[in-house]
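**Student:** Taken in order, these protein sequences are the chains called A and B. Counting from 1, one number per residue, gives the positions in the first sequence under my numbering. Counting from 1, one number per residue, gives the positions in the second sequence under my numbering.
The set of hints was computed from the structure by calculation and includes no laboratory data.
A few chain A residues that don't get close to chain B, going by computed Cβ distances all over 12 Å:
#1 Q56
#2 N90
#3 W93
#4 G117
For lysine to aspartate or glutamate, the following DMTMM-like pairs were computed, each having C-alpha atoms within a straight-line distance of at most 25 Å:
#5 K160/B with D92/A
#6 K131/B with E35/B
#7 K160/A with E226/A
#8 K138/A with E127/A
#9 K128/A with D69/A
#10 K160/A with D92/B
For each label pair, taking beta carbons as the anchor points, the in silico distance ranges come out as:
#11 T206/A with G170/B: 50 to 56 Å
#12 N227/A with D92/B: 18 to 24 Å
#13 G31/B with L61/A: 47 to 53 Å
#14 L45/A with D37/B: 37 to 43 Å
#15 G116/B with G65/A: 55 to 61 Å
A virtual CB, placed ideally from N, CA and C, is assigned to each residue, including glycine.
Okay, here's what each chain looks like letter by letter:
2 protein chains.
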Amino acid sequence: MDQQQLIDYTLFLADTNLILAQRNAEWCAHGPILEQDIAITNISLDLIGQSRNFYQHAAILLGNGTTEDSLAYLRAEREFKNLLITELPNNDWAHTVLRQFVYSVYAQLLYTQLMGGNDKQIAAIAEKALKEISYHIKWSSEWVIRLGDGTEESNQRINKAIDNLWPYTGEFFNPAYYETAVKQLDFAGLQDSWTQKVTSVLEEATLSFPQNVFMHSGGKQGVHTENLGYILADLQYLQRAYPGAEW
Amino acid sequence: MDQQQLIDYTLFLADTNLILAQRNAEWCAHGPILEQDIAITNISLDLIGQSRNFYQHAAILLGNGTTEDSLAYLRAEREFKNLLITELPNNDWAHTVLRQFVYSVYAQLLYTQLMGGNDKQIAAIAEKALKEISYHIKWSSEWVIRLGDGTEESNQRINKAIDNLWPYTGEFFNPAYYETAVKQLDFAGLQDSWTQKVTSVLEEATLSFPQNVFMHSGGKQGVHTENLGYILADLQYLQRAYPGAEW
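Using the sequences and the hints, build the whole thing.
**Tutor:** Structure follows, in structure tokens:
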């Protein structure tokens with residue numbers, strides 16, 4: 001694995017956490033009830049924490065005065081490597097919890113593999129994050145079950161979320177150029193374990209997922225939906241308008 | 001009227017047109033039918049044209065390398081003087097056409113007064129804009145009538161739009177510090193004529209407007225709703241991210 005691939009891979013991990021955190025943070029003060037408002041906002045803070053750790057690592061690898069802030073606030077849309085699923089609009093609560101669930105199951109399996117890698121810094125960040133991710137899976141899977149096995153409307157909403165989000169789960173297992181160089185990653189094993197875990201929760205929720213759907217990809221390579229531009233406009237505006245501003 | 005008041009007044013006219021244009025432009029490719037998609041987008045272009053004329057005038061008054069672009073793209077939220085009603089979200093088609101109607105009736109009366117003013121440039125811009133504004137009133141009033149006197153749902157939607165938007169119409173007639181210096185402005189006459197015209201169209205649409213509601217204000221003085229920050233983030237992002245970029 002060369003240095004550029006390692007940097008790109010670290011940025012992929014950082015960007016994915018940052019953009020999902022930004023989306024979840026939109027729920028702040030808009031959650032369905034106060035306790036869940038705090039829960040989704042706390043998950044957002046966990047993801048920001050993870051993204052900061054990865055950005056700090058990438059900044060050191062890049063050198064030349066690069067900082068976590070310059071990576072988050074001063075890169076353009078095509079430089080962002082986040083998974084497409086993280087940039088999709090929140091839509092409703094069902095979409096939000098389903099996305100968190102399918103992503104967190106993926107992240108748990110991925111980070112477990114990363115703990116055995118050569119880059120000690122990534123391994124340490126992954127190990128630390130896993131404690132938080134266990135909670136994210138517990139929280140989001142309980143919501144998926146509650147909605148699937150709930151009222152007629154909640155069942156319709158979570159089914160709609162499955163239909164809309166499923167085509168974006170294939171990107172988890174579709175390696176980008178920088179991922180093929182990460183030797184300890186086993187994409188086939190990742191996909192098998194993910195499918196097994198997700199299926200068991202969906203079955204408990206009386207739900208199933210569509211087979212043979214077209215899978216979108218591109219985010220990992222910097223090719224995004226139109227949503228990312230709007231997210232970055234919000235996220236980066238302050239630093240773009242007042243360059244170098246600090247708290 | 002001192003020079004600063006004239007500049008602020010010109011910016012109020014420019015900002016109001018720009019922000020309403022930006023909101024209407026969000027309908028581009030999302031209009032209910034193709035012909036109306038083109039109509040609302042054309043209205044947006046008319047308003048951008050008016051805002052450019054006012055910005056160009058303000059830029060000359062300001063000097064020191066100020067341009068229409070620097071005024072639109074590089075001022076902060078608190079410097080914008082647009083009416084609050086222009087920055088509210090589009091919501092649905094009923095809100096959009098009602099806002100255009102109440103604003104355009106106000107603009108027609110205001111610009112007619114401005115034609116008689118001492119500033120020949122503002123008078124000339126106002127005279128030119130009036131031709132476009134007549135069409136905006138015709139188009140939007142026909143929609144208000146169609147929705148008010150239409151189906152049960154369309155009637156409910158336009159009534160909801162009236163309830164939501166009415167508290168923002170008082171700002172039309174609530175003079176800011178720079179407006180009190182514009183001698184030819186007759187705010188009482190403006191309000192009477194506006195109320196008469198609006199009432200006659202609402203009556204034809206089988207609608208009425210609420211009495212004695214609290215009226216919001218602040219936009220003219222640079223005190224905005226949270227919506228404006230998001231609009232400026234979208235509108236200014238490119239110029240903030242790539243300073244000095246030109247087509």
